[in-house]
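Asks: If you want the building blocks of each chain, they are given just below.
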Amino acid sequence: MIYLDHAATTPLHPQAAQALRAWLDQPGAQANPASDHAAGRELRARIEQARAQVAALIGAQPEELLFTSGATEANNLALKGALEFRGRSGAHLVTSRIEHRCVLDSARWLETQGVRVSYLRPDARGRIDPAAVLAELRPETVLVSLMWVQNELGSCLPIERLAPRLRERGVLLHVDAAQAAGKLAIDLARTPVDLLSLSAHKLGGPPGIGALFVRKRPRARLSPQLHGGGQEQGMRSGTLPAPLILAFGAAAAAAAAEQPALAARLETLRERLWQGLRAGIPDLTRNTPPAGEAAPQLLNVSVPGVEGESLRARLPALALSSGAACSSATREPSYVLRALGHDDALAEASLRYSLGRDTTAAEIDQAIQLTVAAVQALRDIARGVPPAALAATDPRYPSPVWQRFCAPTRVGAVAAAPEQHEIGTRAGRDRLWLGVWRDASGRVQQACFQALGSPYTIALGQWLCESLSAASGPLQPSAAIIRAALEIPEERAHCALMGEEALLALSPPVIPA
Amino acid sequence: MPVYLDHNATTPLDPRVLEAMQPYLAGPAANASSLHRYGRRARHAVEAARQQVADLVGATPAEVIFTSGGTEANNLALKGVLAAAGGGLAYGATEHPAVMEAAESLRATHPVSVIPVDGGGAVDPLALQTLLQQARPRLVSLMCANNETGVIQDLPRLAPLIQAAGAWLHVDAVQAAGKLPIERETLGADLLTLSSHKLYGPQGVAALVVRAEVPLAAVQQGGAQEKARRGGTENVAAIVGFGLAAELAKSEQDQRRAQLAPLIARLDEGLARLPGVVVFGHGRPRLANTRQFALPGWDGEALLMALDRRGFAVSSGSACASGSGEPSHVLLAMGHDRVTAKGAVRVSLGRDNRPEHIEQLLAALTELAAVPGAVA
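Quick note, the sequences are listed as chains A and D, same order. With the working numbering applied, the first sequence corresponds to residues 1 to 513, in that order. With the working numbering applied, the second sequence corresponds to residues 1 to 376, in that order.
Everything labelled a hint here was simulated from the structure, so no lab data went into it. Please note that the accuracy of each hint is not assured.
[As the list claims (entries may be wrong)] On the chain D side, residues computed to face chain A include the following (Cβ under 8 angstroms):
no.	residue
1	PRO2
2	ALA9
3	PRO12
4	ALA26
5	ALA30
6	GLU101
7	SER105
8	THR186
9	VAL205
10	ALA237
11	ALA238
12	SER316
Source: prediction; values computed, not measured. The C-beta atom is built at its ideal place from N, Cα and C for all residues, glycine as well.
Let the hints inform the model, and build the full structure from the sequences given.
Replies: As structure tokens, then:
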């Protein structure tokens with residue numbers, strides 16, 4: 001398995017793992033860092049060292065960092081805290097349509113509290129023009145919240161150019177730097193960002209910990225969003241999870257030391273990946289901006305002429321995603337790609353490769369080969385050429401579906417058949433073409449198919465052809481029978497309806513006289 | 001190696017829990033929301049842990065929301081219910097700051113009332129009844145056992161009153177979990193907070209258990225995790241550890257109580273011999289691991305430091321309020337004067353304590369009780 005999903009989460013850096021281990025393995029009691037006894041005080045000192053390590057990564061002062069449970073909480077705190085402090089009613093917030101879900105959801109929530117929000121549109125490569133940001137400012141604008149590196153595309157915001165302009169205008173700037181930290185050089189001593197979110201597990205630290213930078217001079221003011229014991233200068237209550245913080249510190253120190261070399265290496269690998277993919281798939285669309293305008297670790301591509309779910313199912317040896325992991329549960333095409341102007345089908349047929357510090361050139365070459373082969377196979381199925389078989393298992397699919405999807409033997413040129421049928425789902429995302437040869441009595445002798453659609457659609461085409469050719473008796477046009485034969489689950493029942501539709505189109509002559 | 005007597009602040013990680021976390025700390029990275037194989041493996045682990053946590057309180061897994069800690073869970077309970085259902089809130093005067101401060105932050109937008117306690121730290125059913133009739137809160141928040149005094153609230157008696165008044169009950173069971181049976185039905189809790197690092201699990205993870213019919217709005221927006229009730233990437237290793245810690249807390253609860261019983265009996269006996277000692281919540285049902293007391297002439301912080309120098313890690317009250325110099329709101333609510341309250345020191349025992357630890361502590365306390373606190 002080749003792991004190219006480092007933007008979702010990246011393995012613990014060895015130094016972070018060591019810090020975590022050193023903590024977890026120490027014998028005897030562990031302390032609450034807020035406790036006043038010796039163990040508590042010692043732990044507090046170590047947490048402050050970790051805070052300094054994280055601060056150093058971004059050119060901040062240690063006292064400017066608040067530890068949070070992750071970037072989601074940091075982003076929530078930045079947006080809600082800043083707007084609550086300034087008064088929400090009638091206040092104005094500027095953000096964009098391609099922010100992380102947690103920023104967009106926070107902005108939507110703020111709208112319910114009387115905040116007016118402008119959602120900027122990106123260009124076709126996911127870039128936000130600083131001039132467009134400035135043009136959106138109003139007298140009542142309190143905060144601009146934009147991400148430094150777009151998490152699906154890798155496009156970079158020119159923060160260094162934008163930040164001073166916002167400072168002149170007296171508008172707070174919050175930057176979600178979850179994907180930027182450790183990949184780009186960040187120096188907040190020189191860049192007048194007011195609030196900046198970090199996530200440990202995107203830069204080699206553990207999940208469950210993040211930080212919000214809150215500038216002290218000039219002071220960015222927030223209202224706390226988690227109330228309790230008053231930890232973190234009263235801005236974020238809750239027991240500090242010491243082991244996570246110590247590991248975050250170690251990861252940040254390592255990231256700071258490795259950043260320039262890592263960025264150069266990842267950029268080389270990313271361009272190698274792009275060149276290799278494009279050589280094998282000439283009509284591939286690159287959604288990530290060119291090198292120099294994009295963070296080095298990300299490559300997002302869309303593949304015309306294939307269906308997204310089948311594409312990912314054909315890549316079982318690659319751990320990657322079609323977009324942000326946190327939105328995966330909804331299985332909807334990426335809102336980020338749709339914001340770029342992609343239609344649903346193209347947005348769905350997208351792959352996000354995200355590279356990390358342990359990614360090798362050999363893995364990149366393998367990823368190229370596997371992707372090109374997967375696209376080739378799916379395009380073969382769509383144009384009626386028998387595809388290469390895939391040997392793999394995937395427990396998400398019922399076995400009768402998976403077997404037929406991996407090795408369909410009845411793919412053939414439908415145009416060559418005397419009788420042709422085209423069947424599609426109502427949404428039009430799945431298409432199935434059947435070619436049928438009959439004997440003089442009208443009995444089906446042979447059938448072939450082409451398909452552009454999900455694994456279920458491809459398996460359905462294969463099953464129909466098998467069943468039609470082998471039919472010794474009548475084939476009843478029943479979705480229930482097809483569902484049972486292929487073990488199609490409830491949420492995919494529409495695929496069985498496609499099969500029923502196909503059989504209806506073929507009947508009554510399917511039934512031998 | 002100091003004698004650790006501060007288990008209510010945080011408990012050491014159980015080695016078995018660490019073992020269970022190991023594959024997720026050292027193994028391939030996995031975001032539990034990713035659809036690839038590693039992501040699905042992480043998802044299975046998270047869901048298994050959800051079952052373990054649900055089992056501890058007799059809930060169903062779908063009712064468990066993982067959060068970053070007890071503070072977030074308490075904030076989510078109070079703010080989430082009021083945001084979804086509107087109405088007012090009532091909370092006990094001795095609640096943890098995570099409940100108290102979250103409740104006070106709601107005062108601008110919702111009616112908020114404080115339920116008084118008696119001198120032993122217990123909510124008086126009559127006082128509660130009156131408040132329920134007058135304030136008609138939508139949500140009542142009461143802790144199962146107090147983190148400072150260890151006093152156990154008689155929830156099986158109070159909950160029916162709350163239910164009859166048409167309010168939901170949120171129970172902060174952070175300190176009770178693993179020490180008392182906390183069957184949700186018995187407590188009458190509609191929402192219940194648990195924290196991993198108070199029951200020998202890792203820090204940085206906790207849960208809010210919410211009965212399915214209770215409306216709850218998300219407080220932290222982003223992502224569709226936790227059924228859109230709590231956005232944020234799941235902390236897989238910590239969740240796995242929490243799950244096992246919860247399972248062990250249930251299966252070993254009797255054994256742990258049996259181990260503590262002679263220790264706490266000896267501590268009670270020894271404390272009683274100290275001249276002029278005030279034991280808070282004395283005579284009331286209390287957690288079998290927690291005793292809070294004051295020695296005459298001693299400021300709590302000074303006594304803590306004196307004990308610290310002698311190798312005992314204790315607390316003056318709740319760890320998170322440490323260093324504020326303010327007397328405990330819990331003790332003030334119980335009617336103690338500021339000087340007595342400021343004298344408080346809390347001893348909280350755990351699995352790693354041995355009889356000799358108690359003897360050593362009592363010897364130190366006897367010695368310190370004989371000298372004026374000011375010179376310590």
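Asks: Does each hint hold? Answer for all of them.
Replies: A quick look at each hint next to the structure:
At a threshold of 8 angstroms, the smallest CB-CB gap from PRO2(D) to chain A is about 6 angstroms, leaving the interface hint in force. Among the interface hints, the one on ALA9(D) holds; its C-beta lies about 4 angstroms from the nearest C-beta in chain A, closer than the 8 angstroms criterion. At its closest, the beta carbon of PRO12(D) sits 5 angstroms from a beta carbon of chain A; the interface hint therefore holds under the 8 angstroms criterion. At a threshold of 8 angstroms, the smallest CB-CB gap from ALA26(D) to chain A is about 7 angstroms, leaving the interface hint in force.
At about 7 angstroms, the closest approach between the beta carbon of ALA30(D) and any beta carbon in chain A falls short of 8 angstroms, and the interface hint on this residue holds. The beta carbon of GLU101(D) comes within 4 angstroms of a beta carbon in chain A, closer than 8 angstroms, and the hint placing it at the interface holds. The closest approach between the C-beta of SER105(D) and any C-beta of chain A is roughly 5 angstroms, which is under the 8 angstroms cut-off, so the hint is satisfied. The interface hint given for THR186(D) is broken, as the beta carbon of that residue sits about 27 angstroms from the closest beta carbon of chain A, more than 8 angstroms.
For the restraint placing VAL205(D) at the interface with chain A, the shortest Cβ-Cβ distance is roughly 7 angstroms, inside the 8 angstroms limit, so the hint holds. Look at ALA237(D): its Cβ gets to within about 7 angstroms of chain A, closer than 8 angstroms, so that hint holds up. Taking 8 angstroms as the C-beta cut-off, the interface hint given for ALA238(D) holds, the closest approach to chain A being about 5 angstroms. Here the hint on SER316(D) is kept, as its CB sits about 7 angstroms from the closest CB of chain A, short of 8 angstroms.
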